[in-house]
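With chain A held as given, fit chain B onto it using these hints.
There are 2 protein chains.
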Amino acid sequence: MSRFQIIRHGLLVRGRARHFSSVSLADIDHFRTVLPPHAILTTLPTVATAPVAPAELDQYNRDWMGKYTGKATTVLKPRTTHEVSKIVKWCNEREIAVVPQGGNTGLVGGSVPLHDELILSLASMNNVRSFDPVSGILIADAGCILQSLTDYVAPYNHIMPIDLGAKGSCHIGGNVATNAGGLRLLRYGSLHGSVLGLEVVLPDGTVLDQLTSLRKDNTGYDLKQLFIGAEGTLGVITGVSLLTPPAPQASNNVILALPHFDNVQPLYRKVKRALSEILSAFEFIDRAAYDLAVKHGQGRALNPEDVEGAECFVLVETSGGRREHDEEKLTDLLAELLGAEKPLINTGVLSQSPAQFSSLWALREGVTEAVSKEGKAYKYDISIPLAHFKTVVDSTRKHLGVKGLLGDHAVKHVVGYGHVGDGNLHLNIVAAAYTDEIQDALEPFVYELVSSYRGSISAEHGIGAMKTHALHYSKDEVSIALMRKIKAIFDPRGIMNPGKVLE
Amino acid sequence: MSRFQIIRHGLLVRGRARHFSSVSLADIDHFRTVLPPHAILTTLPTVATAPVAPAELDQYNRDWMGKYTGKATTVLKPRTTHEVSKIVKWCNEREIAVVPQGGNTGLVGGSVPLHDELILSLASMNNVRSFDPVSGILIADAGCILQSLTDYVAPYNHIMPIDLGAKGSCHIGGNVATNAGGLRLLRYGSLHGSVLGLEVVLPDGTVLDQLTSLRKDNTGYDLKQLFIGAEGTLGVITGVSLLTPPAPQASNNVILALPHFDNVQPLYRKVKRALSEILSAFEFIDRAAYDLAVKHGQGRALNPEDVEGAECFVLVETSGGRREHDEEKLTDLLAELLGAEKPLINTGVLSQSPAQFSSLWALREGVTEAVSKEGKAYKYDISIPLAHFKTVVDSTRKHLGVKGLLGDHAVKHVVGYGHVGDGNLHLNIVAAAYTDEIQDALEPFVYELVSSYRGSISAEHGIGAMKTHALHYSKDEVSIALMRKIKAIFDPRGIMNPGKVLE
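Just so you know, the sequences run in chain order A and B. Here the first sequence is numbered in the working numbering, starting from 1 and rising by one per residue. Here the second sequence is numbered in the working numbering, starting from 1 and rising by one per residue.
Just chain A, same shape as in the assembly:
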């Protein structure tokens, strides 16, 4: 190994400094035997090709929120599993840390380097390998963009089992690596159910080929499950086999204003019973979130008189096989709700056109944008039992009040919204500016609160680099110790996405 220029940097792993090799010129020479020149982006002064300007690597080094910025000198873009294998094997032998990167749309800093790790972009592995229109089973390269896959299966009357805001950029491999949740989870379940098989390159270059197209296979431990949500810390996902559901033929929605939060639970039960298999979303917005959305022009506001005194709102969506059947179920439900002796709702508005359908969704989906227009947001993505949604929001607001941090000078709003059906609350604290004072007031307060309900400190966003220190609020010592052992099996040298998930 003497011909390698050894540059080392420190990275804290398990509380002690862990040293990885930096990418050297000799490494680049080697990568040139594996990849064509255009698949190697490096700022290092190679002999063969001109180095790229550091700014050209910004899109790979910086995360979507602009919160984390790595110092990678080199981005590799393999086109095949075999190339990935050769690259990773080399890095493992050289102890070069590797960050697998998909669309780089994560929210917890999981897909960018913390130091000068090598970035392995899957962007050039973007072919559909097969689709069976009878079973609906799709096999695709990890670098396929979610929207492209949605478009690919649409002519066959199928949809992807996940849908999320970042669909125009995120990769299916990244979706699987982060166990993405999104808008369809209530209806189609988690990726642990929809993913049928994976192809994964392990750090030693071995290809774990479990890319079956079988719905059922009870032959030993279901290893692929470990990579779903491992955020690239165990290996590089290069191929995905998943079950795509038949496309619904019609979608409808309705927004309901509730006088009290306490009505949400009985309402959810009624709605589930009335809409049964066609219920595809049951989304919650508290009053503060609704007011913010309306203030910033997100969606069309309901009649102000109708929503006077409403404490919160619920958006219900149906997706089914026949429009007239779905509409009948939804209309009957609304009539029953409004005609009840002690109505659970103040008012309900049923969308009558595609434009109204979108407008109602905009009230819910626009909260995120409204929040960012209003100020700087501290965002928590938590799972807790539905019954405690309001308590968590109110307790946080009260806690900030006690600390003297409520008001235009500090925290302007504390809002709650999210996926009731999934028990997933988005708690947003909207402040005039990011300050240490607010940060210290919020953490570990929020994590401890979530932990007291046996909740999850990360329902769908993952751990990434952002929450490794807080993992213990949701997983006990036994679990974390086992995770470390699993990590050691797959990645004994710890080169895969170090500093993510596990500290």
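Heads up, none of these hints are tricks.
As the list makes no split between identical chains, a pair holds if one copy fits it or if it spans any two.
List time: in silico DSSO-like cross-link candidates among lysine-lysine, alpha-carbon distance up to 30 Å:
no., residue 1, residue 2
1, K398, K295
2, K67, K398
3, K373, K412
4, K373, K398
The hints are simulated quantities; they were obtained by calculation from the structure and are not laboratory data.
Structure of chain B alone, referenced to chain A:
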């Protein structure tokens, strides 16, 4: 350890003899400090209590098919997770092999001892811990019987996400440990999606508590997935948290006779599109299976003229939220199918009453009973792409013919039936008697055939003791080596259900 009477027996583990300790009188003395007398069944001559007759342990030692019989001297029936922990820890230290046992209804010999392992029955851990009627999340002891749980959630208008023939005896813990499939998989997906959390006692007595009631939790590796389908080889499942779906309000079914097998695929596509979210079963029966079912009085036969020349049959079931909507969809579908210019079906019979509904199901579900009435059955439970269902049945029949084994003297029928929607074919070879000649003709022939389609040699039954030698037909060396490493993490002394899953 000198006070223990050491009796050892050999058990082949990974090709070499592995020695475990037998249960001794001193062990029984110890277990008496953990459990009350009635929770200890032993044939050993203890001082404190009279030993039970060996016959009393038969129901624990013998598997459901009567194919495997263990020689356990002792059955323990703990009531709490804490008791399980103390027992398992003791066994681990003493190197006593342990077989966790649920309802003992498995089909691959996974739940009975191969030698004189200790049997740990979960039958006395049978309490529902909690049920949330809003989210539908049920938390139950592992020893709860599936039917009891179905009955428990019924008044809340929920159902269990799985249903199978053995529901009156099987335990939810066993269902999870074997990743049971069953009749509802097409609609509600696999247990990898429905199970939200597990409580597992590891061999060293540690309790892995991941018994959350959260639908979403992205905080690290999803360890619980490893225990789903591990058949008790990694630890003892003591508690299960799972999502129960809302109960459908109506179910309908129809049986369709098809002139050619080639019509099954286009039919499946048409049916999926027409019935969409209310489709709950799409089951296949080939002509030979149908004729056997009719011969043995399983269900009411269709009009003989209508089914003349029919090569196979399909049973379609719907389950939905409103009967009239479902019936309209099904009637329209049938009219479209029968009115087509080139009909995919010869005839279709729609059930008009609960009795007819059951009778149509009996044609499909009765195949198993008809097969056992007709002769001795070699049963294969395989996953292969739907397109090859017929080829596999025909190839097997032809192969037996070439070997001179077709006819009343040897193999009387080769029949195929199963879950088309899941790609799961039950291939049954019905013979006059079990013979080595037939066995040798079938294996590895069938496994190699399945392997050539990248299929699974065990779609839903598992590996157990029966198929460890055949695991490599569905999992490659890389996968099996990783499974062994996973096993070594959780169960370094190999005491958990030895000889099952991994050789």
